[in-house]
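**Q** Here's the letter readout for the chains.
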Amino acid sequence: MDVPIKSYIVWPVPGKTSELEDALMEMAGCEVLPAVNQELLLLVTDTPDEAAEKALCGQLESLTTLHCLSLVAGVSEREAA
Amino acid sequence: MNRRDLFKQMVAAAAVTAAGELVPGVSFGATPKVDSINGLTWKKAPCRFCGTGCGLLIGISNNRAVAVKGDPASSVNKGLCCVKGYHSVMALYGADRLTKALVRKNGTLVPVPINEALDLVASKLKENIAQHGKDSVAIYGSGQWTIPDGYCASKLFKGAIGTNNVEGNARLCMASAVTGFMTTFGLDEPMGCYEDIDNADVFVLWGNNMAEMHPVLFSRMLERRQQATGTLIVDLATRTTRTSMAADRSILFLPQTDLAIANAIAHELIRNNWLHSTFLQRHVSFHTGKTNIGYGTQDKFAFTDEPKTIDFAAYKKALEEYTPEKVEKLSGVPAREIRFLASLYGDPKKRVVSFWCMGMNQHTRGTWIQNLVYNIHLLTGKISTPGNSPFSLTGQPSACGTVREVGTLTNRLPHGEVTDPHAREMAAKIWGVPVSNIAPKPTLHTVEMFRALDRGDLKMIWIQVTNPMVTMPKTTRYRDGLKKDGRFVVVSDVYPTPTTDVADVVLPSAMWIEREGMFGNSERRTQHWEKMVDPPGEAMSDTWQLIEVARRMGHGKLFPYKPETHIKEIWEEYRQFHHGAAHEMASYDELRSRPGIMWPYVKGKETKWRYNPKYDPAAKPGDTHHFYGKPDQKAWIWFRPYEPAAESPDKEYPFWLNTGRVVEHWHTGSLTRRIPVLHQAMPAAYVELHPNDAKKFNVKNGDRVRLTSRRGTIVLPALIDRRGRPPEGQVFVPFFDEHKLINELTLDAFCPISKQPDYKKCAVRVEKAV
Chain D
1 MDVPIKSYIV WPVPGKTSEL EDALMEMAGC EVLPAVNQEL LLLVTDTPDE
51 AAEKALCGQL ESLTTLHCLS LVAGVSEREA A
Chain Z
82 MNRRDLFKQM VAAAAVTAAG ELVPGVSFGA TPKVDSINGL TWKKAPCRFC
132 GTGCGLLIGI SNNRAVAVKG DPASSVNKGL CCVKGYHSVM ALYGADRLTK
182 ALVRKNGTLV PVPINEALDL VASKLKENIA QHGKDSVAIY GSGQWTIPDG
232 YCASKLFKGA IGTNNVEGNA RLCMASAVTG FMTTFGLDEP MGCYEDIDNA
282 DVFVLWGNNM AEMHPVLFSR MLERRQQATG TLIVDLATRT TRTSMAADRS
332 ILFLPQTDLA IANAIAHELI RNNWLHSTFL QRHVSFHTGK TNIGYGTQDK
382 FAFTDEPKTI DFAAYKKALE EYTPEKVEKL SGVPAREIRF LASLYGDPKK
432 RVVSFWCMGM NQHTRGTWIQ NLVYNIHLLT GKISTPGNSP FSLTGQPSAC
482 GTVREVGTLT NRLPHGEVTD PHAREMAAKI WGVPVSNIAP KPTLHTVEMF
532 RALDRGDLKM IWIQVTNPMV TMPKTTRYRD GLKKDGRFVV VSDVYPTPTT
582 DVADVVLPSA MWIEREGMFG NSERRTQHWE KMVDPPGEAM SDTWQLIEVA
632 RRMGHGKLFP YKPETHIKEI WEEYRQFHHG AAHEMASYDE LRSRPGIMWP
682 YVKGKETKWR YNPKYDPAAK PGDTHHFYGK PDQKAWIWFR PYEPAAESPD
732 KEYPFWLNTG RVVEHWHTGS LTRRIPVLHQ AMPAAYVELH PNDAKKFNVK
782 NGDRVRLTSR RGTIVLPALI DRRGRPPEGQ VFVPFFDEHK LINELTLDAF
832 CPISKQPDYK KCAVRVEKAV
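Just so you know, the sequences run in chain order D and Z.
For reference, each letter of the first sequence is one residue, going 1 to 81 in my numbering.
For reference, each letter of the second sequence is one residue, going 82 to 851 in my numbering.
Pulled out of the complex, with its shape left as it was, chain Z reads as follows (with noise of 0.2 Å):
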C-alpha cells in the first residue's frame, strides 16, 4: 500500500464513523482498515480531545505526524474514532504556530529567545512576590495540561512560593461534578466505566448532548442498543438535537428545571415504592443544606454549606411538593413522562445509566442537580454494579487526571483538601518542602481570579493550555482587566489567540506528541505517550517551561528532573501521593506499555466498580456496597429544593441562552480551526432559533440576528433546523469561534459549593440586524 491509498483508507474510516454518528444502526459491510505502509511507524497516544480518552495511533515519518488510526487495542474506542480524532494531528501543523517567545516592547510583542523569556517570567514573579507577596502571583491551567505539567506547577505555586492561586479551566468544565462526588460519596470520579455501556437496558441523558460532545462513547451507546433488544436511550434535555434525534425519546425541560423534576422522580420512586430498602438502610444515610444560596455574580462572594442529617421521613416530607403534576407546570416536561421516567429507574429489572457533562455542570445549582440525580441511584440501588451508573463525563482529555487527581484547583492539593493538614504533611514530605510553606486556605477560584485581575488584587498570571479571552463568562471585564496597568500576563500556548493577544509574554509550547506526557480520561484511566516528533522551533513543553522558570527563581532543588527521563521521574513522584488501595496508580513502565490503565490498580489489576467489594480492594468484603468516602461509611442523599436561574428572561431581555459546543471543534477551537476540514465544515458561529421564532422575526436562514444581554451584544448568522433547534423562546449559539465571543454576553454566576459558571442560562433580547 502507497501512502495515497492509505490516505484513501483513512478518510473512508472517518466517513464510516461520522455515518454511524448520524445514521444509527448503518453498516457498511467491509469496514476500510487503514494499514500500514512501508517507511510509517505507529504509535500510541490518547486523543487530546474530549474526555473520552480515545485511544490512536500515530503514523510517524520523517520526524512528522501524517496518519492517525483508532487503537483496536484501547477498550475506550476499540479502533474507532471521532472527525476531531482523525484528523488531530493537523493541529500540530498550523501556518502561524507559534515557535519564538514573544515579549511584549512599547506596546508590541516581538519575538526573543525563549531563555530571555523565561528570565524575564521569574524575574517578574519574584518581583511581585517581593513587592505585594506571594499571593499576587498566579498560575491558570487547563484539562488540557498534561499530568506532569500540573504536578509541576502545583509543587511550584503551592509547594515552592506558596500560594494556593492554582487553577485550572476544568473549574469552567466539572467543579460541580468534583463537589457533587464529594458531597455524596467524599471522593472524587466515578465509580464506573464504560463497559457500563455494554450491560445498560437504560440510559438517561441529562441535558448530554454526546452525538457531538462524546461521538465515540455515544455510537457505543447505540451499539448497545442495536445488540441488545429493548434498550432504551432517553433524551432529556433543553434543546432537541443530533442526540435528541437518535434517541427513542426525546423530553424537553424549561432551563434549570431539571432540579425539580430530579426531586420528582424521587417523590415517584417513594410513592410507588420503588425503594431498595436494604441498599438504603446499609448504605445510605439522609442530609440537607443551605437553601437560596446566591449566584456569585459579586465580587468576593462567599458561601460555606452547613449540612444537617435528617432521617427517611423528612426527606421524604421535603419531597411531598414535587409531585409530577406541580413540576409540569415548573418544567413544561408532561406529568406523564416524569412518571415514566421514575418508572424506569424504579424497574428492579433494569440496569440503567445516566449521562451527563456541561448541561449539569454549567448551572448555578451544578452540585445540587448532581446530588440529585446521585439520590435517584441510591433510592434504587442502581450504583456500583455493572450497568447502574450515575455517570459524569468530562469535556477535556485530563480534567480528571490532572486538575482533579493532581489538584490543581485552589483547595487542592495532590491528595486531599489544602485546608486538611495530614493533606499539607503529606504534600510537604513528598516535595521536600517546609509544610509551612503550603498555605492551609483556599484563595481565588476561578471566577475569582479575573476579578482580582481586574480589581489589582492579583499582579501576575501565567497562562497554559487555555484560552479565558474567549472562554471566560463577561468576557469584556476581564478582558479589560487584563490590560490594565500594573497587571503582567504570561501565555504559554502553541497558536495566538485572543489571550495572546493581551499578553505580556508569549511562550511557544510543544504540544501533545511533541513531548511525552500522560493524561487521565472520565473513566479514571490514566494514558501515557512518549514524544514522537520534535516541535517547532524554540517550542518547549509547558512541563519544561515550569522547571526552566522554578530553578531560574532558586527552586532547582525541589525540581532535579533531567530532560531525558523527566516524565518518569515525576510521574514516579507524583503516584506517591496516591499510594493505598483507594488510588493506587500503575507504573511508569506499565503505563508505557499499556494504552491505558484505570486506577485503582491494585496488584496488577484495574478497579472497574468503585465501592462494590467483588471488585474495588479498598471496599470492605462481606456486603454489597461499602461507601468508604465518607466518615459514616454511607453515601448520602441529599434533599436540594429547586431554586431559579441567576438570570431569567423577562420584559426587556425575553428569550433564554444557551452556549455550547459543536461536533467539528474543540473547545475555542484555536486547534480545530486551523484544520481545513474541520474549519470549511464549521466555518463560523451562529445562532440558532425555533422557525416559528424565526418566522415571528421574519428571519431565515442566513439573516443576520443581533443578541443583547445586559452585559454586551453580538450579531450572528441564523441557523434554522440545520443542527439543533431550541424551543420557542431560547437561543443558542457556539462559543467555538473568537471572532464571535459569545461570552461578552454570558453572566458570570455560578455555583456557590463548585464555583463553577453557568453558561447554558442567561437572559438576551433577540433581533434582526440590518
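Same shape as in the complex, but just chain D (with noise of 0.2 Å):
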C-alpha cells in the first residue's frame, strides 16, 4: 500500500543537527520542523508514489549525519479518497 506523505523523528549524530537539517531541505518532498532546544527534528515527507518514496528512504540512508528515524504517521490520498 502507497503511503507518501509521512513524518519521522529525526535523531541527528550529535553535534550534527544543523548540517543535517540543511541536507534535509535540500531534498525534494522533504520539510523539516527543528527543534528549539533539543538536537532533534521532525521530517514530513511528500511523495508522488511508492516508487518516489522508496528513492527518498533511500537518500535519508545515505546520510552520514542521521543517526536515526523514527516513522510516526502516514497518510494517502488513496487510503483517504
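Just so you know, these hints were derived from the structure itself, not from any lab.
Each hint should be verified, as a subset may be incorrect.
What the hints assert, rightly or not - Label pairs and their calculated CB-CB ranges:
| no. | chain 1 | residue 1 | chain 2 | residue 2 | range |
| --- | --- | --- | --- | --- | --- |
| 1 | Z | 761 | D | 38 | 22 to 30 Å |
| 2 | Z | 308 | D | 49 | 42 to 50 Å |
| 3 | D | 38 | Z | 714 | 50 to 58 Å |
| 4 | Z | 176 | D | 36 | 40 to 48 Å |
| 5 | Z | 612 | D | 18 | 44 to 52 Å |
| 6 | D | 49 | Z | 725 | 55 to 63 Å |
| 7 | D | 36 | Z | 375 | 54 to 62 Å |
| 8 | Z | 725 | D | 36 | 45 to 53 Å |
| 9 | Z | 802 | D | 49 | 33 to 41 Å |
| 10 | D | 52 | Z | 684 | 58 to 66 Å |
As the list claims (entries may be wrong) - Here are a few chain D residues that face chain Z, going by a calculated C-beta distance under 8 Å:
| no. | residue |
| --- | --- |
| 11 | 9 |
| 12 | 37 |
| 13 | 74 |
These numbers were taken from a predicted model, which means no experiment stands behind them.
Heads up, the beta-carbon is just placed ideally off N, CA and C, and yes, glycines get one too.
Grab the two chains, each in its own frame, and use the hints to assemble them into the complex.
**A** Right under this line is the structure:
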C-alpha cells in the first residue's frame, strides 16, 4: 500500500543537527521542523508514489549526519479518498 | 489549504506529539495547526482507544472520515492526541472489514442476510433457555461497548431473560479498581479528575507505564513538571520502560511485593507521625479481612470476605513487620527508597497524585493493593483536594461509562448490586419488568463464564466488541471449550479475529462514528458523538443488534425505541438510575452540545472532587470531607498483608513472565494492526530480556527465543534494550499479536474479591530456539 505523506522523528548524529537540517531541506519532498531546545528534527515527506518514496528513503539512509529515523504517522490520498 | 496540505499538517502534528512523549520538554516553536479545507466537516467524538477519553475532531468528506485532530475544546487533551488517536479513523477502512453476517454451515462460515442471522441468534437463545434454563445463555461485552450497547445488553439479559450471565472484558482490566473503591469508599470511580495533574507536586506511578498506555495524560504530567519547578515523577515498577526514562526516579520492585512496599510506606508514615490526625479522627475507620484467600485457579472457586473493624492501635501493630529493612529483602527496593517514598507522601506541603492501571489491577491481590494505596492517602489526608488524588486510570474508552456505571457485570445492575432488593426494585420499575425477573444472585464472572462453557454448564454466549480468544488467560482451555459440540457462539465485531474463527454466527458491527453513542472515561466524564458516516454493507450497531434480537424473542415492548431517536431514548431512560446528587448525569441535549460532562452533574455544574463539600453537592457541608459511601460515613483503612503470587519462578520455570501493551497497538491489535503505519511501526510481538540474560542464552536482538510455561509454549524474536528492559530473571511480552498468543502461557489465577486475572505474573522457562 502506498503511504506517500509521512512524518518522522529524526535523531541527528550529535553535533551535526544544523548540517542534517540543511541536507534534508535540500531534498525534494522534505519539510523539516527543528526543535528549538533539543538536537532533534521532525521530518515530513511528501512523495507522489511508492517508488519515489523508496528512492527518498534511500537518500535518507545515505546521510551520514543522520543517526536514526522513527516513523510516526503516514497517510495517502488513496487511503483517505 | 488543499487536502494534501491538511494531511501534511496532520502527520506533522502527530510527530510533534510523539516527540513530546519521547523527549520530555522538547519544543518546536510554532506547532503545526490542522486547519479546515473546503468540503470537510469537523465533528466531535471521544477517541475510541484507551480510557483517557481524548476529545477528537473528525474531518468528514463525502460520507468518509478522512482526518483527525485533537479537540482544543476538550479539557481532557486540550488539542493533543497520541499516535493511535491521530490514526483512529483509518481503523474504519481495513480491507477485510466485516460487511455481511456469517453463519457456520457444515463447518464453514458463509455469508447470509443479516436478518437471517439475527433470527438464528434469537431462536437459539429461546431454544437454549427452553431446554436448559435461563442461566444457560450469556452475553460477554466490553469496555468498548457504548453506554447504550451495555444498557440494552443488561436490560435484555438481566431484565427480560432473567439471568445475571452478563459480563464485560473490563473484568479483565479494572474489576480490582471497582472492588478497591467499593471496599474503601463504598462507591465506585475516582474522587478526583485530570485537573489533579495541574495541581500536584509529586506523581507516584504504581506499576503504570503511562508513556505508552496513557500518552496524553503522561504529556500533561510532563508539562506540569516543566511549568512547576520541583515537581517530581517517581516510577515504581517491575520493569524499566519509557516512563522510567522520563521519570525523575525509577524504583524497581520484585513482582507482587507492591503489597509489602505500600505497607512499609504506611509503617514509616506512622513511625514518623507523618499523619493527618484530625482527618483520621473524623473521616477514617480501620478494618481487616480474611487472609490466605487463595487464587481461584480451580473451577467454581468461591470466596467471601469477612470484614472486621479494628482500631488504629491494632492496625499499627499489624504493620510492625513491614519495616523498610524487612521489605527491602522481599521486594529488592532499598530501605532508603521506601523511606524516600514515605517522605514524599508524608510531607504536608506536597500534593501527591498516585496513578495506577493494569499493574495494580491485574493482580491476584488486586483489591488489596488498591486498599493499601488508598491507606497511604488516607493516613496523610491527601485525597479529594486539587492535586491530592489516588487515581485509578482505566484501560478502555468506556470501562467506566458502560461496564461500571451501567453495571454490565454479573453482580451489578445500572444502580447497585443484584443482591440489593432496592436495586432490583429500581431496575424492575425503570425497565418495566416484574421484580421477580431480576435474579438476586450473581452467577458467572468472566473466567468462570468461560470455564462453564468448557464444562458445558453454559451452552450459548454472545460476544460483542471483544476478542477473548486472544485475551483470556490460559487461552487454549477456553478456545477448546468454545469449539466443543453443544456450544453456540455468536460474535459481533468489525473484523475477523481468533474469536470470530470459533463463532457459529458472526454479526457485522457498525464501529464508533458509524453510529451514535456515548462513552464514559476515567475521570467520570460522559462523552457523546453522533453518527458521522454510514457503516459498510449490512453492518449494524451493537445496540440495534440487541434491540432486533430482543424483539424477535418477544421482548419488543421493553425495547420500543425508534431507529432515528433510540440513543436519546435509551440515554434518558438509563439516567433515571442515577438521579440524585451522588451520581446525577447530564441530559442528552447537554451531552450533544459539549465535548464531555463529568458526573455528578448537578444544577449545571460538574463535580471535580467528590467527598469534598466545597465541590461535591452530595457531601454534607461543615467539614473538609464527607465519605458518604459507607454506612459509617467514613473511608475505610484496611490492613492487608503481603501474600505471594499464585505462581512464582522455580527450578523448572525460573523466569517471571509479565505481559502488557505497546503504544502503537490497541489491545489485541484487531483495529490497529489494520492501520498501516501502526502495523509497520510494530508488526509483531517480541520477548524482552535483560541483556545479561540474553548473554547467558547467547541471544541477540531478533534471535528466536522459546518461552514455556506449565500451560503452553511460544517462540518469539528477542528484543533487547529497544523498548523496555525487564530485570534479570524476568521477561516481558506484549499481547497485541494474534499470531503469537502469549495468553496460552498465562495463568487464570485471579483476585478472589474482584475475580480479575493476573496477567503480570507467572513462571516460564526461557531457551534459545533453534
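**Q** Honestly, do residue 761 of chain Z and residue 38 of chain D meet the 22 to 30 Å range at C-beta?
**A** 25 Å, holds
**Q** Measuring from beta carbon to beta carbon, are residue 36 of chain D and residue 375 of chain Z in 54 to 62 Å?
**A** For residue 375 of chain Z against residue 36 of chain D, whose Cβ atoms are near 57 Å apart, the range 54 to 62 Å holds.
**Q** Classify the hint on residue 37 of chain D as holds or violated, based on whether any CB of chain Z lies nearer than 8 Å to its CB.
**A** Constraint on residue 37 of chain D satisfied, holds at 5 Å.
**Q** Residue 725 of chain Z and residue 36 of chain D, beta-carbon distance inside 45 to 53 Å?
**A** 51 Å, holds
**Q** Just tell me: holds or violated, for the beta carbon distance of residue 176 of chain Z and residue 36 of chain D against 40 to 48 Å?
**A** 41 Å, holds
**Q** The hint says 58 to 66 Å between residue 52 of chain D and residue 684 of chain Z; measuring C-beta to C-beta, is that right?
**A** Roughly 60 Å apart at Cβ, these two residues keep to the hinted range, so it holds.
**Q** If I claimed the Cβ atoms of residue 308 of chain Z and residue 49 of chain D lie 42 to 50 Å apart, would that claim hold in this structure?
**A** Check passed, 45 Å falls within 42 to 50 Å.
**Q** Quick check on residue 74 of chain D please, does its C-beta sit within 8 Å of some C-beta on chain Z?
**A** With a closest approach of 4 Å, the residue 74 of chain D hint holds.
**Q** Cβ-Cβ distance between residue 38 of chain D and residue 714 of chain Z: within 50 to 58 Å?
**A** 52 Å, holds
**Q** Could you see if the CB distance from residue 49 of chain D to residue 725 of chain Z stays within 55 to 63 Å?
**A** Roughly 59 Å apart at Cβ, these two residues keep to the hinted range, so it holds.
**Q** CB of residue 802 of chain Z to CB of residue 49 of chain D, is that within 33 to 41 Å?
**A** For residue 802 of chain Z and residue 49 of chain D the Cβ distance comes to about 36 Å; the hint holds.
**Q** Take the C-beta atom of residue 612 of chain Z and the C-beta atom of residue 18 of chain D, compute their distance, and say whether it sits inside 44 to 52 Å.
**A** 50 Å, holds
In this structure, none of the earlier numbered hints is contradicted; all agree with it.
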